[in-house]
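Enquirer: Respectively, the protein sequence lines represent chains L and C.
Heads up: the first sequence begins at 1 in the working numbering, then just goes up one per residue.
Heads up: the second sequence begins at 1001 in the working numbering, then just goes up one per residue.
Mixed in with the good hints there might be a few duds.
To be verified - Derived list of chain C stretches under chain L, where covered just means 3 residues or more per stretch with a C-beta under 8 Å from a C-beta of chain L: (1) 1002-1015; (2) 1055-1069; (3) 1090-1097.
No lab work stands behind these hints, which were simulated from the structure alone.
Since this is a predicted model, take the numbers as computed values, not measurements.
For glycine and all other residues, C-beta sits at the position ideal for the given N, C-alpha and C.
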Amino acid sequence: MRETTRKAAFWTGVRHGAPFVFLLVPFGTLFGVVAAEAGLNLLEVMSFSIVVVAGAAQFTAVAMMQDAVPTVIVLITSLAVNLRMAMYSAALTPHLGAAPAWQRVFMAYFMVDQAFALSSVTFEERTEWSVGEKTAYYFGVIVPVAPCWYLATLAGALIGEAMPEALALDFALPIVFLALVAPALRTLAHIAAAATSIILALVFAWLPFSLGLLIAAIAAMVVGARVETWQEAQR
Amino acid sequence: MIEAPTWEIWAVIAGLGFGSFALRYSFLGLIGGKELPDWVLRHLRYTAVAVLPGLVAPAVIWPAATQGEPDPARLAAAVVTFAAGYLSRNVMIAVIAGALTLYTGLWLTP
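With the rest of the complex left out, here is chain L (with noise of 0.2 Å):
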């Protein structure tokens, strides 16, 4: 019985990443011309990919690197970027931290934008689900998002050359981020949060760092909380 269960989690899984493709192959393949353009080799370019597997973060790295930037400031700039990755791990594990340890290393290894995105939402209405199943959901979404991210980068590396301007995969990532955030806004708190995000980050995104970000998105959490708090109060 269980195991039917966590079979049909991991399928839905592997069915809400599959459309990730469309974005990862796009993005990835961008990432292996531009870092081949720069002039690292397929093993280096690869070797991103597989060490670091965030997007954002290895652009980073890379344009600075372009720059002639110091590397201890690469790393410090790169890293900020992925803080995020931290909210996620924290996010995550009310959900998924009673996983065995072994599973809870390869989780984290596998904590990108997509693997968060779906699953915090996914879990928030899927409430009856086991760790088991959530578990197995959370690595249903990445068996097609990981691989992709792998070979696209590969294609990128071996093609070497421009991607046509035309297509406009700059804003790929914009469009993906807002269809996930736009349906999860159920309640005034998840709103207002939203809202206090995109002013607080237009507002600091002259701070350097991606520190921006990072303070629009603390205040965020705090107005949803607050709002969630005072809701309960009127009732």
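With chain L's structure known, arrange chain C on it following the hints.
Expert: Showing chain C alone in chain L's frame:
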């Protein structure tokens, strides 16, 4: 072109890989199955809607592809994606509506 010596490139790859893993493992690995307090959970419920809109907002208003100049096609695509997602509650419908708006907009604006 990247002029840095090979060891510096590998230092960035290794450092970024290790640091990213540490950030991802932090709470999940160290706290594990222990119960988090209520007020923490209340805040974590809003992580997705707190991070993702802020992540995309600057890219929507000041796209890198147009050197930071606001672009009508991209703005329209963002608004349509959001509206379609909010009204339909369906991610794929929102993505398709947004992509169609973006390409129509880019085609209309020279």
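Enquirer: Hint by hint, note whether the structure agrees.
Expert: Hint check results:
1. 1002-1015: It holds: at least three residues are needed, and the region 1002-1015 of chain C offers 11 whose Cβ sits within less than 8 Å of chain L.
2. 1055-1069: holds (count 11)
3. 1090-1097: Check passed, 5 qualifying residues.
Every hint, counting from the list given before, is met by this structure.
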